[in-house]
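Student: Each chain, written out:
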Amino acid sequence: AQTVTQSQPEMSVQEAETVTLSCTYDTSESDYYLFWYKQPPSRQMILVIRQEAYKQQNATENRFSVNFQKAAKSFSLKISDSQLGDAAMYFCAYRRYYSNAGNMLTFGGGTRLMVKP
Amino acid sequence: GAGVSQSPSNKVTEKGKDVELRCDPISGHTALYWYRQSLGQGLEFLIYFQGNSAPDKSGLPSDRFSAERTGGSVSTLTIQRTQQEDSAVYLCASSFGDGGFYGYTFGSGTRLTVV
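If you read the sequences in order, they're chains A and B. Residues in the first sequence are numbered consecutively from 2, following our numbering. Residues in the second sequence are numbered consecutively from 15, following our numbering.
If you are wondering where the hints come from, they were derived from the structure by calculation, not from laboratory data. Bear in mind that the values here come from a model prediction, so they are computed numbers and not experimental data. Among these hints, one or two may not hold up.
What the hints assert, rightly or not - Result set (SDA-like, lysine to any residue): computed pairs, CA atoms no more than 25 Å apart in a straight line: (1) B:K25 to B:V103; (2) A:K79 to B:G54; (3) A:K74 to B:F59; (4) A:K56 to B:F110; (5) B:K25 to A:K117; (6) A:K74 to A:Y99; (7) B:K71 to A:K71; (8) B:K71 to A:T4; (9) B:K71 to A:T28; (10) A:K117 to B:Q55; (11) A:K74 to A:S8; (12) B:K25 to A:Y98; (13) A:K74 to B:Y116; (14) A:K74 to B:K25; (15) A:K56 to B:F115; (16) A:K71 to A:Y98; (17) A:K79 to B:G117; (18) B:K71 to A:A2; (19) A:K71 to B:V103; (20) A:K71 to B:Y116; (21) A:K74 to B:V103; (22) A:K56 to B:G111; (23) A:K56 to B:G117.
As the list claims (entries may be wrong) - Here's a subset of chain B near chain A, in silico, CB distances under 7 Å, partners left out: (24) G30; (25) F59; (26) S122.
The C-beta atom is built at its ideal place from N, Cα and C for all residues, glycine as well.
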């Protein structure tokens with residue numbers, strides 16, 4: 002079974018600074034998807050960024066980028082120019098590539114990000 | 015609708031009572047998922063529906079939990095004889111086809127409190 006670990010329960014960053022959230026996962030598969038989701042107090046999970054394991058290039062979405070290290074099974078999220086609205090819980094998630102194995106996401110325990118003005 | 019809608023937003027129930035939680039997915043999304051988020055925890059998969067196929071119930075924690083999806087659209091998660099450990103946020107998500115490629119859209123969840 003796949004497991005996802007987020008080793009930082011809480012992180013803090015100064016507004017306009019850069020912060021990196023860590024995620025490691027365990028799998029025996031070579032093809033899979035990885036996601037970062039943001040959960041604000043509204044509870045709705047919002048997709049921040051996704052990465053396909055077969056792509057060597059790290060995904061980027063505006064101020065958000067990932068450092069995907071496949072051999073190390075590491076998938077960290079970098080938030081640049083942090084804004085007050087970035088404060089939320091962040092979840093790393095894994096999904097097997099082939100849908101016949103099930104489409105469900107396996108989530109890490111989350112990291113609470115606080116942004117200081 | 016524009017997003018995944020869940021109702022009620024909050025539910026307080028007495029231990030031993032049955033509850034029904036509703037999820038209305040995005041129109042046209044073939045896949046629907048239920049997850050449970052206990053306080054301060056990550057999300058735990060419960061059940062998955064894909065089109066007209068038999069649901070994947072592998073995540074349901076006990077036989078007190080059941081879910082159905084009518085007409086390939088609205089889904090209801092039922093918890094019978096609720097226990098205090100059932101207190102959690104129940105999140106629903108939907109996706110168009112393969113969620114890995116198109117992504118998953120989540121609702122805002124139902125916070126269930128069993129007293």
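Student: Please go over all the hints and tell whether each is borne out by the structure.
Tutor: Now the hints, each set against the structure:
no.	hint	result
1	B:K25 to B:V103	10 Å, holds
2	A:K79 to B:G54	22 Å, holds
3	A:K74 to B:F59	22 Å, holds
4	A:K56 to B:F110	22 Å, holds
5	B:K25 to A:K117	33 Å, violated
6	A:K74 to A:Y99	19 Å, holds
7	B:K71 to A:K71	31 Å, violated
8	B:K71 to A:T4	19 Å, holds
9	B:K71 to A:T28	22 Å, holds
10	A:K117 to B:Q55	24 Å, holds
11	A:K74 to A:S8	14 Å, holds
12	B:K25 to A:Y98	36 Å, violated
13	A:K74 to B:Y116	23 Å, holds
14	A:K74 to B:K25	39 Å, violated
15	A:K56 to B:F115	13 Å, holds
16	A:K71 to A:Y98	14 Å, holds
17	A:K79 to B:G117	20 Å, holds
18	B:K71 to A:A2	16 Å, holds
19	A:K71 to B:V103	32 Å, violated
20	A:K71 to B:Y116	22 Å, holds
21	A:K74 to B:V103	29 Å, violated
22	A:K56 to B:G111	21 Å, holds
23	A:K56 to B:G117	17 Å, holds
24	G30	26 Å, violated
25	F59	4 Å, holds
26	S122	5 Å, holds
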